[in-house]
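J.: For chain D, the structure is supplied; the task is to place chains C and S on it using the hints.
Listed below, chain by chain, are the residues.
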Amino acid sequence: MNDATQLRPKLRWTGTVSTGVSAALRFVTRYPATSIGAVLCLIVVAAALLAPWISPFDPNDQHIIDRLQSPNTTYLLGTDSFGRDVLSRILWGARISLLVAVTSIAAAIAVGGTIGMISGYIGGRVDLFVMQTMDVLLSFPSLILGLIVVALLGPELINLVFAIALTAIAPFARIARAPVLSLKERAFIEAGRALGFSHTRILFVHLLPNILSEVLVMGSLWMATAVRTEASLSFIGLGVKPPTATWGGMMREGFENILDAPWLSVWPGIAILLLVLGLNMIGDGLRDATDPRLRGEA
Amino acid sequence: MSHPTLEVVGLKKHFVVGKGFPRPVTTTVRAVDGIDFHVDQGEAFGLVGESGCGKSTAARAVLRLIEPDAGAIRFADTDVRAAKGSALNALRRHMQMVFQDPYSSLNPRRSIGRTLAEPLAVHGIARGKAGRAMAASLLAEVGLPDTALDRYPHEFSGGQRQRIGIARALALQPELLVADEPVSALDVSVQAQVLLLLKELQTRRGLAFVFVSHDLGVIRWFCSRVAVMYLGRIVEQGPVARVFARPRHPYTQMLRDASPIPDPAQRGVLPRVVGEIPSAAAPPPGCHFHPRCPRASDICRVSYPEWNDPDGQGFACHHPLDPG
Amino acid sequence: MFWYIIRRLLAAIPTLLAVLTLVFVIVRIVPGDPAIVILGDQATPDCIAALHAKLGLDKPIWQQYVEFLGQSLSGDFGRSMVTGRPILTDVGAVLPHTIDLTLASLIVGSVIGIPVGIWAALHRNRPIDYAARLLSLIGLSFPVFVSGIFILLLFALHLRLFPVIGNARLDDPLDRLDKLVLPAATLGLVMAAYITRVTRSAMLSVLGEDYIRTARAKGIPWRRVVWRHGLRNAAMPVVTVVGLYIGILIGNSVLTEIVFNRPGLGKIIVGALNQRDYTMLQGLMVIYCFLIVVVNLITDVTYGIIDPRVKQ
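As given, the protein sequences belong to chains D, C and S, one line each in that order. Take the first sequence: its position 247, counting from 1, is numbered 247 in the working numbering, and each next residue is one higher. Take the second sequence: its position 258, counting from 1, is numbered 258 in the working numbering, and each next residue is one higher. Take the third sequence: its position 118, counting from 1, is numbered 118 in the working numbering, and each next residue is one higher.
Looking at chain D on its own, in the form it has when it is part of the complex:
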């Protein structure tokens, strides 16, 4: 019986530095894509956490004399039309991107995952109805949905999180439901019922741990989408309000000066790309690793 648990790499910390290093090396050689993705994401996370200490300037300080400077030794990535340091703004902008991505996807996992699990567990007509509702939600273009929700609610951080979470609920309902459908036919679930376990216990103590890895893998892929959506909404002007530094907002301001100062659009674009790519690489690699059937596919 090939349990997924057996195939997962076991990284046990045995106490010495050398074994830790060799375990890390083994992981890197076995899962190069995931490792590169992890490095990319760690860089962004570090930038977000350390922004107050490593930024050369305050992200909102306007050096009016130095406006629209191309990259130089003082302003490594140049300055924008208000004379603000682009590098500092990119470092601080990482915070918004990560904050929105993590909270919105966590909310989507919590709500969508619960809906999917319960729906699949109950089955029958309830399941049919819930899943058709989810399909409808899924078929609606997520960017348009997010755009309109933010437009109606107003461009605030919390509304942005709500809108992006709303677009990701349906996919997580689907992802959580599929394994529940097959797991609930397994005898250990029936055994749980015979032993008088409550449905809540069966759902959250027995089913949940068995689907968690799949949901978390998809979580990193959907965090990539969330970063992209947040940046897109900010680019359209529906993101967190200025002057707060966001990557999408910087692209928007840079786009207005694209003829005079192309670097204003290039740097935040690269930052977005690296974070999204990093998350996608982690998710793709993990999916291949956790699901041997899918190894090397799609």
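These are calculated hints, taken from the structure and not from any lab test. Among the hints, erroneous ones may be present.
Unchecked claim - Example chain D residues on the side facing chain S (calculated, C-beta under 7 Å, incomplete):
#1 R228
#2 I272
#3 V276
What the hints assert, rightly or not - Simulated crosslink set (SDA-like; lysine to any residue; CA at most 25 Å straight-line):
#4 S:K54 x D:G154
#5 S:K267 x D:P242
#6 D:K241 x S:G271
#7 D:K184 x C:Y103
#8 C:K129 x D:I202
#9 D:K184 x C:F156
#10 D:K241 x S:N274
#11 C:K84 x D:Y121
#12 S:K267 x D:I258
#13 D:K241 x S:A35
#14 C:K84 x D:F204
#15 D:K184 x C:E141
#16 D:K184 x C:S157
#17 D:K184 x C:A83
#18 D:K184 x C:A90
#19 C:K84 x D:L203
#20 C:K129 x D:P209
#21 D:K184 x C:R151
#22 D:K184 x C:A121
#23 C:K129 x D:F204
#24 D:K184 x C:Q160
#25 C:K199 x C:E141
#26 C:K129 x D:G196
#27 C:K12 x C:D69
#28 D:K184 x C:I66
#29 D:K241 x S:A43
#30 C:K84 x D:I118
#31 D:K241 x S:I36
#32 S:K59 x S:I287
#33 C:K84 x D:S198
#34 D:K184 x C:R64
Glycine included, C-beta positions come from ideal geometry on N, C-alpha and C.
T.: Relative to chain D, chains C and S alone:
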């Protein structure tokens, strides 16, 4: 005859399946179509039949793992079908189940210790250290060392897992075990060990069994009484020795003759297996068995035979075989 | 086939009703008063009440719902609050631009994605495959407005090969094509990334089938096996991508239109956002609903034509 522990009367379970467009065709599968049986205290009662005859559905309905559509189930003077909430939970402590597939019956992500201690905690019997100690003694009872407590299902063989499944069923100190093909997924060499363990538990704990199997040899060895099922109904019932030695129903005879006999000298007549089991969605009219029956006559095609000899070891056949 | 199409048509009706209900719910459950959103915090109660009456918000909720459904299904998508013009007129004027863009990007995506996907599948787990997978991953990691701006910078501003922005004249095909190149390339590259992945995995599963092994065992040349079975099966992924990623395609076309300043549905929606044109937004959502349902219907029917198994 001692007082029956479990009594089942007129148990029915039909599944309705709808398919097609624009006019969906609904078919009703009569998985269990009105069966009666009882199990005495400490008795091993067998349910035997070909696959698809409804024996597993019947076993699950007894435990309310599948809700029956009609009929009465009484366990030690409690109405099983009416039980709800805490009454149902109390019943669960008296009746437990052993499953066929030892691989899917254990949660792959829980250690054996947690799997065994969980029902104890849920039913408020023991928690923490006491629960672990009880889990260890349950393992000892099924012949596994307590080092197994911290290991996971995939580290065990099929036979060992089945022992763990039995230990889990014993955790609540039940009086009745429903065993659904408990050894048919195991290697033949392991089957005997698990059967011996179950037999030992029966004598030591005074357990009653509803033992579901398609294997006549296993039933013959393990059970004292047996009911033969065909397409959702019981066609013959009685003490194992009598039923298999002198079957009254032609189907029982066919089953017996089809199962291999260890001693070649005793193999008299060639097995007479005619046709395959029809679908329970469209059972033949009259006696369900008539298309395969060598003794079928006109009446068999029209009317389902009455149950003869209602002392708990009868049969349902228009043209029964001679006794003896 | 006839019954299959009828069945799909009938199945589309509840979907359409459900999507419309979703639009209604989203517009209503979103907390806050649309009148205040439109008029601002300082609006007087009289103004708000007047706007409520104008928008029909003073009626009971079920009546609003029934009227909304009735109007939507009869093709009345309302009028813009700002210009007073029927929404359908505004949309109809720019729809050819959006259709140009999406079709062109699908062609670009297929022309790149299908061969690369097949090629990668044939060289599974070899450098070519890894390169194709990495490139497609990068392709779909690019937010389309970022790649659009990069392409704009490179080809229009740096190399000066194509016009920067394009309000093409619909009656001049050459002009239309010229202004389409960069936006279609931008959106097409994203679609190529998706199509590559879908084609690759579809090919991999086809190549693992017994009938492929049988064909090889019979001595049919490998090239011919791939050509005959590969080509037929490559058609499915494109259809799948259109059906599955229609939402992504629509969302990305909005961003592409903004970057290249093209007329289209995207520009209308952003304009409506900026002007707080509440009725316009609702009407656009309804139009998107119809688009999605129609595209899904076409996808389903195409499936039925390509794959005879689906009909059953």
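J.: Indicate, hint by hint, whether the structure satisfies it.
T.: Hints versus structure:
1. R228: holds (5 Å)
2. I272: holds (6 Å)
3. V276: Hint holds; V276 of chain D Cβ to chain S Cβ min 4 Å, cut 7 Å.
4. S:K54 x D:G154: holds (22 Å)
5. S:K267 x D:P242: Since the Cα atoms of K267 of chain S and P242 of chain D sit roughly 22 Å apart, the hinted pair holds (cutoff 25 Å).
6. D:K241 x S:G271: Distance ~18 Å between K241 of chain D and G271 of chain S Cα, so the pair holds.
7. D:K184 x C:Y103: holds (14 Å)
8. C:K129 x D:I202: holds (23 Å)
9. D:K184 x C:F156: holds (22 Å)
10. D:K241 x S:N274: Between K241 of chain D and N274 of chain S the Cα gap is close to 14 Å, so the pair holds against 25 Å.
11. C:K84 x D:Y121: holds (20 Å)
12. S:K267 x D:I258: Since the Cα atoms of K267 of chain S and I258 of chain D sit roughly 19 Å apart, the hinted pair holds (cutoff 25 Å).
13. D:K241 x S:A35: Between K241 of chain D and A35 of chain S the Cα gap is close to 22 Å, so the pair holds against 25 Å.
14. C:K84 x D:F204: holds (22 Å)
15. D:K184 x C:E141: violated (29 Å)
16. D:K184 x C:S157: Distance ~23 Å between K184 of chain D and S157 of chain C Cα, so the pair holds.
17. D:K184 x C:A83: Judged against 25 Å, a Cα distance of about 23 Å means the pair holds.
18. D:K184 x C:A90: Holds, at roughly 24 Å.
19. C:K84 x D:L203: holds (20 Å)
20. C:K129 x D:P209: Since the Cα atoms of K129 of chain C and P209 of chain D sit roughly 24 Å apart, the hinted pair holds (cutoff 25 Å).
21. D:K184 x C:R151: holds (23 Å)
22. D:K184 x C:A121: holds (22 Å)
23. C:K129 x D:F204: The hint holds at about 24 Å.
24. D:K184 x C:Q160: holds (23 Å)
25. C:K199 x C:E141: holds (13 Å)
26. C:K129 x D:G196: holds (22 Å)
27. C:K12 x C:D69: Holds, at about 5 Å.
28. D:K184 x C:I66: holds (14 Å)
29. D:K241 x S:A43: holds (23 Å)
30. C:K84 x D:I118: Given pair K84 of chain C, I118 of chain D holds - Cα atoms ~21 Å apart, limit 25 Å.
31. D:K241 x S:I36: Holds - the C-alpha atoms of I36 of chain S and K241 of chain D are around 19 Å apart, at most 25 Å.
32. S:K59 x S:I287: holds (24 Å)
33. C:K84 x D:S198: holds (12 Å)
34. D:K184 x C:R64: Given pair K184 of chain D, R64 of chain C holds - Cα atoms ~16 Å apart, limit 25 Å.
Figure legend: structure checked against the earlier numbered hints; the only hint not met is number 15.
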